[in-house]
Amino acid sequence: MSLDKATVASIATLARLRVPDDRLEPMVGDLNAILGFVEQLNQVNTDGVEPLANVTGHALPQREDAVTDGGYPERVTLNAPDPAGDFYAVPKVVE
Amino acid sequence: MAEADSAQPYRIQGETGPWELVIGLEVHAQVTSKSKLFSGAATAFGAEPNSQVSLVDAAMPGMLPVINRECVDQAVRTGLALEARINEVSVFDRKNYFYADLPQGYQISQYLQPIVGEGVVHLDLEDGRTCEVGIERLHLEQDAGKSLHDQHPSKSYIDLNRSGVALMEIVSKPDLRSPEETAAYIRKLRSILRYIGTCDGNMQEGSMRCDVNVSVRRPGEGFGTRCEIKNVNSIRFVQQAIEYEARRQIEILEAGGTIDQETRLFDANRGETRSMRSKEEAHDYRYFPDPDLLPLVLDPARIAELKASLPELPDARKARFMSEYGLSLYDASSLTEERATADWYEAVVKGGSGKRDPKIAANWVLSELFGALNKAGLDLADSPVSADAMGGLMDLLGDGTISGRIAKDVFAEMLETGKDAAAIVEEKGLKQVSDTGAIEAIVDAVLAENQDKVAEYRGGKDKLFGFFVGQTMKRSGGKANPGMVNELLKAKLAG
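Read top to bottom, the protein sequences are chains L and R. Position 30 of the first sequence, counting from 1, maps to 30 under the UniProt record's numbering, and the rest follow consecutively. Position 28 of the second sequence, counting from 1, maps to 28 under the UniProt record's numbering, and the rest follow consecutively.
Don't read these hints as lab results, they were simulated from the structure. This one's a predicted model, so the numbers in the text were calculated from it and none came from an experiment. Any given hint could turn out to be false.
[Said to hold, decoys possible] List time: in silico EDC-like cross-link candidates among lysine to aspartate or glutamate, alpha-carbon distance up to 20 Å:
hint: 1; chain 1: R; residue 1: K155; chain 2: L; residue 2: D86
hint: 2; chain 1: R; residue 1: K359; chain 2: R; residue 2: E346
hint: 3; chain 1: R; residue 1: K146; chain 2: L; residue 2: D21
hint: 4; chain 1: R; residue 1: K146; chain 2: L; residue 2: E64
hint: 5; chain 1: R; residue 1: K146; chain 2: L; residue 2: D47
hint: 6; chain 1: L; residue 1: K92; chain 2: R; residue 2: D150
hint: 7; chain 1: R; residue 1: K34; chain 2: L; residue 2: E64
My request is simple: use the sequences and hints to build the entire structure.
Structure (structure tokens):
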């Protein structure tokens, strides 16, 4: 797998990263190097091997259905640059 | 059912001939649970802004999701009620997109391995036909927060109370062919969810929302290109949106154009759909397995336990009401759509001596009770007459203590005062008169007062019989046993 410049630009847009045009070409090289490194794994024969999610053997921890959190709107919006009362306020986004 | 082939398939007549609609639904049903899917914050509707938000829901750095066991059970219950395959292993993925009410920058959802696979919903349509709608899948995911756009001229306000609440996305196969079938499907799905208590089905409060996929084709041809109408929040709007969208597509196709696959919004005020901002890019969600969550593995014993705990479902209950109580399909359907109604009805039928006539009870619940509740704008839960009290009225009616006409008066009194039927009958002296001597005296008086009409009747004017019955009942204050009145009058008039 190899990425071209247009694909990298599109991924940057989806990730809301502003990448100047002169940085795109080097980034294509960097990303392709990373992909190439990961693709070494393809050399291993995995026929008949189940996907492995983790090596610990742990199961997904599950909690009981109880209200144990919340009730602190002031903490939630503490870092908001421009709260309105207990709301976050952001530039208007309307479809 | 019986009239299966009498129904015409639904078609929209275009300029160039008939078109068939193909409709599929994605229903987002909010899981009934006390706390959120991955955090311990509350889920109640209508709370103060950001008061039911944990630092997990606000996506503070370093916070980790821990799954709510009850939400998993609710999804499994729903899958079982939809006769669906339960996947013992399912995986949570991140669906990546940016929006102000999605603080994580991704929604935790299930993509390639959902918790529930293929199932089926059975529909009874109004024209008597039945049909099956395939379920493609059901998966668990997080809801987003809520944006309020009307509070400030240049800003949107964000409330994260809904952020992280568990949703079941229930995806149908493209098996629906008309707005009416689609409405029936939503009603049935809602009924099932409410029976098993996994979603309250409240569309006004947004606990059930629909995305509707619509395409059109010439009958018999392959699928056309579809458009997705987002977030329609009432059954009536779903029907309107489908009709408008199908006509729009037909107009384009008949003018030689092609349909662009796109996401559209339904504008309820104008009754039309319009394109949302171009979303080709936004549709690239770059799903990948959420590294914070291990695969969800279900123990078959837990699935079996959940299956055993399911209540009788609407289809089974309807069939039983028809076979056990001899009700018509229509009455059985009406009584079983809501579990509370079916429970109420059965409490009436099974209470007391156990000898209450199920058909008469059905009529009373469906016409008299629901008529009165509708008029008063009340729900069954707020009914001033309890099932027990209604049963008492049925008993008086059944053993001939009161006539059907008097029963209606007694019922009106019960609605108003909340007293039980026997007390009202006693108090107002409404007991049916079944004493031959007493009725005979009234009949004699009526005949004596109307000699001329008696002569006319005997001269062949049979229709006057009703007049005599009416006069006798009136004179008895409605209390005379109507059967006995009929008999005595016939005998005396034959005289």
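Do the hints match the structure? See the list:
1. R:K155 <-> L:D86: 14 Å, holds
2. R:K359 <-> R:E346: Holds, at about 12 Å.
3. R:K146 <-> L:D21: Roughly 36 Å separates the two Cα atoms, so the pair is violated.
4. R:K146 <-> L:E64: Since the Cα atoms of K146 of chain R and E64 of chain L sit roughly 26 Å apart, the hinted pair is violated (cutoff 20 Å).
5. R:K146 <-> L:D47: Since the Cα atoms of K146 of chain R and D47 of chain L sit roughly 46 Å apart, the hinted pair is violated (cutoff 20 Å).
6. L:K92 <-> R:D150: 10 Å, holds
7. R:K34 <-> L:E64: 10 Å, holds
The earlier numbered hints that this structure contradicts are 3, 4, 5.
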